[in-house]
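Engineer: Single-letter residue listing:
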Amino acid sequence: MNKKILIIDDDKIFSKIMKDGLIAGSQGKYDVFVAFDGVEGFEIATREKPDLVMLDVLMPKLNGLEFLQKMRAEEWGKDIPVIMETQLSDLEKMSEGIALGVRGYIIKSDYSIEAILRQVGDVLK
Amino acid sequence: MIPQNILYIAIILIILYLAGITFAYWFFLRSKRNIEMKESEVKHRMYELAILKEIADRTGYSLNIQKILDVIAGSLNQFLEYDVAAYMLLNPDKIIFKSDLQHSVSPQFIKEVRGRMLKSLAAILGRDLTNVSVEETITGALMLEATDEPVRSYFNIPLVIGDQLVGVLTIAHRKEGFYKEEEMSILYKIVSQASQAVTKLEETVKTEQRKTAAMIESMIEGVVMTDRDYRILAANAAARNAIGYEGTELPTIFDFITGLNGAFDIKEKLEESIKLDKPLTFKNVMLRGKYYEVLISPVKSDVGVIKNQILGGVVVLHDITHEKEAEKMRDDFTSMIVHELRSPLGNIKKIGEMMKSTKVLENKQMSSEYVAMLSESSSSMLTLLNDLLDAAKISAGKFTVEKKESNLKELLLGRVKFFDTTARDGKIELSLSFEASAPTTASFDPVRIIQVVNNLLTNALNFTPPGGKVAVECFLHKKGSTIDQEATKLQLPWIASREDSSTGMLDDCLVIAVTDSGEGIAPENFGKLFNKFTQFVGAARENKHKGTGLGLVIAKGIVEAHGGTIRVGSIVGKGTTVYVTINL
Numbered sequence: 001m002n003k004k005i006l007i008i009d010d011d012k013i014f015s016k017i018m019k020d021g022l023i024a025g026s027q028g029k030y031d032v033f034v035a036f037d038g039v040e041g042f043e044i045a046t047r048e049k050p051d052l053v054m055l056d057v058l059m060p061k062l063n064g065l066e067f068l069q070k071m072r073a074e075e076w077g078k079d080i081p082v083i084m085e086t087q088l089s090d091l092e093k094m095s096e097g098i099a100l101g102v103r104g105y106i107i108k109s110d111y112s113i114e115a116i117l118r119q120v121g122d123v124l125k
Numbered sequence: 126m127i128p129q130n131i132l133y134i135a136i137i138l139i140i141l142y143l144a145g146i147t148f149a150y151w152f153f154l155r156s157k158r159n160i161e162m163k164e165s166e167v168k169h170r171m172y173e174l175a176i177l178k179e180i181a182d183r184t185g186y187s188l189n190i191q192k193i194l195d196v197i198a199g200s201l202n203q204f205l206e207y208d209v210a211a212y213m214l215l216n217p218d219k220i221i222f223k224s225d226l227q228h229s230v231s232p233q234f235i236k237e238v239r240g241r242m243l244k245s246l247a248a249i250l251g252r253d254l255t256n257v258s259v260e261e262t263i264t265g266a267l268m269l270e271a272t273d274e275p276v277r278s279y280f281n282i283p284l285v286i287g288d289q290l291v292g293v294l295t296i297a298h299r300k301e302g303f304y305k306e307e308e309m310s311i312l313y314k315i316v317s318q319a320s321q322a323v324t325k326l327e328e329t330v331k332t333e334q335r336k337t338a339a340m341i342e343s344m345i346e347g348v349v350m351t352d353r354d355y356r357i358l359a360a361n362a363a364a365r366n367a368i369g370y371e372g373t374e375l376p377t378i379f380d381f382i383t384g385l386n387g388a389f390d391i392k393e394k395l396e397e398s399i400k401l402d403k404p405l406t407f408k409n410v411m412l413r414g415k416y417y418e419v420l421i422s423p424v425k426s427d428v429g430v431i432k433n434q435i436l437g438g439v440v441v442l443h444d445i446t447h448e449k450e451a452e453k454m455r456d457d458f459t460s461m462i463v464h465e466l467r468s469p470l471g472n473i474k475k476i477g478e479m480m481k482s483t484k485v486l487e488n489k490q491m492s493s494e495y496v497a498m499l500s501e502s503s504s505s506m507l508t509l510l511n512d513l514l515d516a517a518k519i520s521a522g523k524f525t526v527e528k529k530e531s532n533l534k535e536l537l538l539g540r541v542k543f544f545d546t547t548a549r550d551g552k553i554e555l556s557l558s559f560e561a562s563a564p565t566t567a568s569f570d571p572v573r574i575i576q577v578v579n580n581l582l583t584n585a586l587n588f589t590p591p592g593g594k595v596a597v598e599c600f601l602h603k604k605g606s607t608i609d610q611e612a613t614k615l616q617l618p619w620i621a622s623r624e625d626s627s628t629g630m631l632d633d634c635l636v637i638a639v640t641d642s643g644e645g646i647a648p649e650n651f652g653k654l655f656n657k658f659t660q661f662v663g664a665a666r667e668n669k670h671k672g673t674g675l676g677l678v679i680a681k682g683i684v685e686a687h688g689g690t691i692r693v694g695s696i697v698g699k700g701t702t703v704y705v706t707i708n709l
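As given, the protein sequences belong to chains G and C, one line each in that order. So the first sequence is numbered by our numbering: it starts at 1 and just counts up by one. So the second sequence is numbered by our numbering: it starts at 126 and just counts up by one.
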């Protein structure tokens, strides 16, 4: 069965590239869902119960950490692996993320698609 | 034979002559004595003056009464013979007793002098001094085997500074009847002159101190002064506030230690500064939510024999909270610029990766999507850079506009048309009302005014929920009535600005307003609207709507470069009106 990946990021271009990249890079073995804010992300997560969430930190409505707290409070969301997407400037937020069971993080503008795919593959193994 | 009457005459003449001589001699003697007396008096006075002057010179401008008494006691032997000259000084916790022995006397003699002095002090003060500790110093030869003679001559001079008795000076001798009025009066004069000098000096110092205290008290900087034993001598309001001290008394060093709450070891740093004899600065001391720069410096005397002697320390608390906030704002601004540039740049890089490694280019639809994303990413970077450049020019005062006669009505119609799709997508009713009385053309920079209107409309559409209304309004303002009154008269949808009452003073001009029925701006955020730092950082943090958040800052710059003004009226939950004026 295909693995479900949910990308929650208000940067529509980044989300689109990541979606295309993940699908192409896995030869179609990943089903990728995209949400542009935390609220929408929570709706999709509740419905799809993804195998991995790629989560942006700065987002309208519900930011990354708020989303994470909310998802961790749910029975279905307790153990879903999460990769946080950050910019170098919000690295300090990582400690809060790690406390909430974040499995890894990517620095959005620095990491290549290949590196991101590798990290996603490692977490989903 | 000499006639008898001639003889009588001769005898009378002789008698007269003798009387005359006697009288002259008597007169001479009397005058001489007078002159001698005067001379001696003058000499005496000169002597007195000499001593007084010497004492005055030696005591200088000292306020130290003990030091003055030492000088007096040390000079006494020049004009007074005595066995013991002693003084007693009242200190808060003890009595200082110092005696100078001119001739050797027995311990018993000193004890007697001491007893008499204590007794007279107690009598003048009306206080029992038996339990007060006495610190005793004796200079000169104290002979145990000296003849045990009692005090036979003795006089006391009370020491009064201001209206307060501070001690007593005593002269004692073994011989009887030794001191006459004269000696007593000269010593009395000396002491009273010294007392007066000290009293005057104390008054002057107190006045100066009061001036200094008033000055220190009103300073914005927190100032704390201590003596060498770290006792607080002064702590102004700012310093008391800094440590949250609310008492009415002068706080103690312990109040400071408690108030500083471990943020800063005031005593240790004072010790360090005094020990090293140099000023020390400590940055970023956090106290009760504020940042301070703390400067500690030793205080040195710059007069007299104690010149350069360290008298204590001074602590200055300089509130740098505003600087810190501004610094943080600038830092945030810079990191946000970097952040905002990195995102599109990172995306451009990834688009390139995708095009290279996957089949994007083989798929026609994907190719056009990726090209569109490339163009969007690069233009968002360009917009950001242009906005930053504009904002920088505005704050540097180097922003210029190119005014030319342009058609405002057409410009506004064009803008409304341009935003029509966005408005319809958001289910917002967008309208334009251009008052018939307003001239359709004016002199302005059309490119820049388009930028302003675009910004006002983008904001209005972004903050208006579906079903709401956004109205673009243009009308003529006439000097004498306020813009608010004019808008109301025209029955335009309008939220009055709080500062609108002053617009009556404005010369005739065109008013372009955008009124929305959106969420409104909270009063506490009004001040931030035109601050490029907070706006930009806020927009980037929230990431709620596209744009740099610099739009209003730039709009204000553009309007002001045209000589116009920009105002905002807003009510939370009701809507917002932003208007700009363009001079005719």
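Calculated directly from the structure, the hints in this document are not laboratory data. Keep in mind the model is a prediction, meaning the values are calculated, not measured. Just so you know, not all the hints are guaranteed correct.
[Said to hold, decoys possible] Once the Cα atoms are required to be at most 20 Å apart in a straight line, the calculated SDA-like pairs of lysine to any residue come out as:
1) K12/G / E494/C
2) K481/C / I23/G
3) K484/C / A24/G
4) K481/C / G28/G
5) K481/C / A24/G
6) K12/G / E501/C
7) K61/G / A647/C
8) K16/G / M480/C
9) K16/G / A647/C
10) K474/C / A24/G
11) K19/G / G551/C
12) K12/G / A497/C
13) K61/G / T483/C
14) K16/G / N189/C
15) K19/G / K425/C
16) K481/C / S112/G
17) K489/C / I23/G
18) K19/G / T483/C
19) K474/C / A115/G
20) K19/G / E494/C
21) K12/G / G551/C
22) K474/C / I107/G
23) K481/C / G104/G
24) K16/G / E501/C
25) K474/C / G28/G
26) K12/G / N189/C
27) K12/G / D550/C
28) K16/G / Q490/C
29) K425/C / N189/C
30) K16/G / E478/C
[Claimed, not checked] Listed below are several chain C residues computed to face chain G (Cβ distance under 8 Å; list not exhaustive):
31) E237
32) R239
33) H464
34) R467
35) S468
36) L470
37) G471
38) I476
39) M479
40) E487
For every residue, glycine included, the Cβ atom is placed at its ideal position computed from N, Cα and C.
Engineer: None of the hints should be skipped; say for each whether it holds.
Structural biologist: Evaluation of the provided hints:
With a C-alpha separation of about 12 Å, the suggested pair K12/G and E494/C falls inside the 20 Å cut-off, and the hint holds. About 16 Å separates the Cα atoms of K481/C and I23/G, which keeps this hinted pair within 20 Å; it holds. This hinted pair checks out: K484/C and A24/G have alpha carbons roughly 8 Å apart, not beyond 20 Å. With a C-alpha separation of about 19 Å, the suggested pair K481/C and G28/G falls inside the 20 Å cut-off, and the hint holds.
Between the alpha carbons of K481/C and A24/G the distance comes to roughly 12 Å, so the proposed pair stays at or under 20 Å and holds. Distance hint between K12/G and E501/C is fulfilled; the C-alpha atoms sit about 11 Å from each other, no more than 20 Å. Restraint check for K61/G and A647/C: the C-alpha separation of about 18 Å stays at or below 20 Å, so the hint holds. At roughly 13 Å between alpha-carbon atoms, K16/G and M480/C fall within 20 Å of each other, so this suggested pair holds.
For the given pair, K16/G sits about 36 Å from A647/C by alpha-carbon distance, which is inconsistent with the 20 Å threshold. Distance restraint check for K474/C and A24/G: the Cα-Cα separation of roughly 17 Å lies within the 20 Å cut-off, and the hinted pair is therefore satisfied. For the proposed pair K19/G and G551/C, the alpha carbon gap of about 27 Å is over 20 Å, so the pair is violated. Distance restraint check for K12/G and A497/C: the Cα-Cα separation of roughly 12 Å lies within the 20 Å cut-off, and the hinted pair is therefore satisfied.
For the hint pairing K61/G with T483/C, the CA-to-CA distance comes to about 34 Å; that exceeds 20 Å, so the pair is violated. As the CA atoms of K16/G and N189/C are separated by approximately 86 Å, the hinted pair breaks the 20 Å bound. Proximity of K19/G to K425/C is assessed by CA-CA distance (about 73 Å); at most 20 Å being required, the pair is judged violated. Of the pairs offered as hints, the one joining K481/C and S112/G holds, with about 12 Å between alpha carbons and a cut-off of 20 Å not exceeded.
For the hint pairing K489/C with I23/G, the CA-to-CA distance comes to about 18 Å; that is within 20 Å, so the pair holds. For the proposed pair K19/G and T483/C, the alpha carbon gap of about 13 Å is at most 20 Å, so the pair holds. For a cut-off of 20 Å, the pair hint linking K474/C to A115/G stands: about 13 Å separates their Cα positions. With a C-alpha separation of about 13 Å, the suggested pair K19/G and E494/C falls inside the 20 Å cut-off, and the hint holds.
Only pairs whose Cα atoms come within 20 Å are accepted, and K12/G paired with G551/C is accepted, the gap being roughly 19 Å. Restraint check: the Cα-Cα separation between K474/C and I107/G comes to about 13 Å, which is no more than 20 Å; the hinted pair holds. Pair hint K481/C plus G104/G does not hold up; C-alpha atoms about 27 Å apart against a cutoff of 20 Å. In summary, the hint linking K16/G to E501/C is supported, as the alpha carbons are separated by about 13 Å, within the 20 Å threshold.
For the proposed pair K474/C and G28/G, the alpha carbon gap of about 23 Å is over 20 Å, so the pair is violated. Between K12/G and N189/C, the direct Cα distance comes to roughly 82 Å. Violation of the 20 Å bound is thereby established for this hinted pair. About 18 Å separates the Cα atoms of K12/G and D550/C, which keeps this hinted pair within 20 Å; it holds. A hinted pair counts as satisfied when its Cα atoms are at most 20 Å apart, and K16/G with Q490/C qualifies at roughly 14 Å.
Simply put, K425/C and N189/C have alpha-carbon atoms about 17 Å apart, close enough for the 20 Å limit, and the pair holds. For the hint pairing K16/G with E478/C, the CA-to-CA distance comes to about 14 Å; that is within 20 Å, so the pair holds. Because the closest C-beta pair between E237/C and chain G is about 82 Å apart, greater than 8 Å, the hint is violated. Residue-level restraint check for R239/C is violated (minimum Cβ-Cβ distance to chain G is 75 Å; threshold 8 Å).
For H464/C, the suggested interface contact is upheld, since its CB lies about 5 Å from the closest CB of chain G, less than 8 Å. The restraint placing R467/C at the interface with chain G holds, with a minimum CB-CB distance near 4 Å, inside the 8 Å limit. Checking S468/C against chain G: minimum C-beta separation of about 6 Å stays under 8 Å; hint holds. Using the Cβ-Cβ criterion of 8 Å, the hint placing L470/C at the interface with chain G is satisfied: the shortest such distance is roughly 6 Å.
Given hint, G471/C at the interface with chain G, holds; its Cβ is 3 Å from that chain's nearest Cβ, closer than 8 Å. About 6 Å separates the beta-carbon of I476/C from the nearest beta-carbon of chain G, less than 8 Å, and the hint is met. About 6 Å separates the beta-carbon of M479/C from the nearest beta-carbon of chain G, less than 8 Å, and the hint is met. Using the Cβ-Cβ criterion of 8 Å, the hint placing E487/C at the interface with chain G is not satisfied: the shortest such distance is roughly 12 Å.
Hint compliance for this structure: hints 9, 11, 13, 14, 15, 23, 25, 26, 31, 32 and 40 are not met, and every other hint is.
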